[in-house]
Amino acid sequence: MSSRRAAVLVSALIGVVLALGACSGGPPAAIGISVSGVWVRPAPAGGETAAYFTVTNAGGKDDTLVGVSSPDAQTAGLHKTSTDASGMTGMAPTDSIAIPAGSIVELKAGGYHVMLTGVVRELVIGGSINLVLTFEHAGVVRATAEVKGG
Amino acid sequence: MADAPSQATGQAKPMDRRAALFGGVLLAGLGVLAVWLLAAVFMARTGTAAASPTPNPSDFTYADAKAAPPLQLTDQNGSPFALTSLQGHPVLVFFGYTHCPDVCPATVGIVNQAVADAGVGPRAVFVSIDPERDNAAAMKSYLKYLPPFYTGLSGTPDEIRQNAQGWGVKYAKVETGSVGGYAMAHTADLYLVDAQGRLRAHFPFGTQAGPVAAALKALLAETPAPSDAPATATPSGSAAASAAASAAATAASSTQAPSAVPGALKAAVVSSAVWAGGPDPVILTVGDSTGRLLDGTVPVDVTVTGAGGAAAGPAVRAVAVQPWGETVEYYVATVTIPSPGEWQLVLQSADGRTGLVAVDALDQGTSAPLGAVAPDIHTPTLADVGGVVRAVTTQPNPDLRLSQTSTSDARAAGKPYVVVIDSARFKVSPLCGRALVMVRYLLDRWPDVVFIHLEPFEYQVITEEPVLSGDIKNPPLNQWARAFGLGDTVWPGVKMPWAFVVDGQGVVRAKYEGIIGSTDVDVMISLITGNGVIGG
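So the protein sequences, as listed, match chains A and S.
Position 70 of the first sequence, counting from 1, maps to 70 under the working numbering, and the rest follow consecutively.
Position 267 of the second sequence, counting from 1, maps to 267 under the working numbering, and the rest follow consecutively.
Hints are not guaranteed to be accurate.
Said to hold, decoys possible - BS3-like, lysine-lysine: derived pairs with alpha carbons at most 25 Å apart:
no.	chain 1	residue 1	chain 2	residue 2
1	S	Lys173	S	Lys66
2	S	Lys144	S	Lys415
3	S	Lys144	A	Lys148
4	S	Lys66	S	Lys217
5	S	Lys473	S	Lys495
6	A	Lys80	A	Lys148
7	S	Lys144	S	Lys427
8	S	Lys173	A	Lys80
9	S	Lys170	A	Lys80
In short, the hints are calculated from the structure, not lab data.
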């Protein structure tokens, strides 16, 4: 295991510990990275939906969103919607989303989003779903997405 | 076709929760991306759309109105549809697919917002370009979540190809590598057809609601006020009746509209299905005039009324329920709706506020009736079949807790039970398998309730792969599904999945077909077990 890898793992573990410690409330303790405005569209149990949020990197170090999971869905993945030269709009999985130092990156309709399939329960407006985001440096950030119809 | 009127009638109906689910998702954030897309899409599209010349880039409208390309497909009720049937209304047309998590709901949000801003009259047509997964049943289920002015079209791969080509719409399957299957890339533009059936504007994906609403308003101003005729071609002679009912509903709601009354109640229907011939527990959320939900401590009475406002039964006190761990308070009004079709629930709170919500009551057909004792049958358990898992479930990685107790065991023990009639392998509807996902969630929440999975069809287990006894187009129901009355001919073919919620006395308290909300079942179990009843 390279030392860089080890460092990532350690910071991820710290992230887990801190996040657990903070589960009674308050912002995630990940260094420099904060996630806000987390929401998903309603979906029937077993259905698909997309999650959106804003990542703020207030630190001085570039970071990357490298993974997402949810205890409340069968699969969760980073996707990007784009329109090709022929005018077709579609989405494709993406491995990571860069979060440069000092930047604010929005995951929003028609762009980057988290694709969730097989949500374990119906998502009704006012309800919520849990997401676990993994950043290369900041480690694990847990977030609760509000179900919104807009 | 029992619920056909729900698609055939009007604008006056308040959006229920299903509509509100996707409703009005206005994508304020699209800004920069939209500009980028507009530029990119415009460059790409010029000259590519068979449908049209280049629209005016400032407002996306065409200088020359030409007849819109034809749309001849199948609507959500399984009836033939032609775009010409919507003449007299401005129509927004777009192409997408029901498994689409990002692009299509975004377009739906734009359409809903634009129609809300433009006023009564416009229709919307959602054409599926995913014939492999979307059929009429899938479109119908999807439309449950949308306002009533939508028609959802599907067809064979050839029909879809032909229709899409006429509009210059392209689509392709994209493997996403996920368990969830594939995605579709497609032309996600929005087309506006006027009341005379002419193509008048073409909005690239990413256009916000403002320009769409402006174009709709312009069309509404130039055409005579549209009559509130049915949105879709109603196959029977009930079209006129539906139109009349709809007109009456318009009149009724314009005088009683909750938003027009200070201190009014705003209600939304949560129940996935509302049945005629009750007693049917209709699950509602009730909010005040600002939309803030009542917390369940304010008593609310509910009366069923016809379109003309005449009461169809006595006022019923709704029971307030908050399932454990949930943040929303629900009101459950157990009402008896006289017959299938459009009805209204009039709400009155103890502090004098009133509200109104429309419901589309379904025909119970021969399915095990509400309020009656459930069929006295012994659904098969693992023990009954010598532990051969495939003989009781076709689900991959099944949760065997769903196959350990029979309906008769639950009844003998006086325990409430939920029987989910669904198949992961023999899918007669795109919704099949979803109820099984839902029930696994509920299973962990309610240890004192028996959850049972029942495969609906007859099949043999000779090898590891179960083999259906008949044809998947007309699959043979087994004796237990028949006992629950699912062999009905009221519905075209067999609709799946089903769920029945039965209380400790063996009485059917709720039932669901097609989309089954875990919230529905959660609230019903709370009600039956008394766990989470507010002020109870």
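(request) Please work out if S:Lys66 and S:Lys217 have their alpha carbons no farther apart than 25 Å. (result) holds, 19 Å
(request) Decide if the proposed pair is consistent with the structure: S:Lys170 and A:Lys80, CA atoms, cutoff 25 Å inclusive. (result) holds, 19 Å
(message) Check whether the Cα positions of S:Lys173 and S:Lys66 lie no farther apart than 25 Å.
(response) violated, 31 Å
(request) Assess, step by step, whether the Cα of S:Lys173 is no farther than 25 Å from the Cα of A:Lys80, and give holds or violated. (result) holds, 16 Å
(message) Holds or violated: S:Lys473 and S:Lys495, Cα atoms, limit 25 Å.
(response) Holds. S:Lys473 to S:Lys495 sits at ~12 Å (cutoff 25 Å).
(message) Please verify whether S:Lys144 and S:Lys415 have alpha carbons no more than 25 Å apart.
(response) Answer violated: S:Lys144 to S:Lys415 is near 32 Å, above 25 Å.
(message) Need the status of pair A:Lys80, A:Lys148: alpha-carbon distance at most 25 Å?
(response) holds, 21 Å
(message) Given the hinted pair S:Lys144 and S:Lys427, is their Cα-Cα distance within 25 Å?
(response) Judged against 25 Å, a Cα distance of about 20 Å means the pair holds.
(message) For S:Lys144 and A:Lys148, compute the direct alpha-carbon distance and say whether it is at most 25 Å.
(response) holds, 17 Å
Checked against the numbered hints given earlier, this structure breaks hints 1 and 2; the rest are met.
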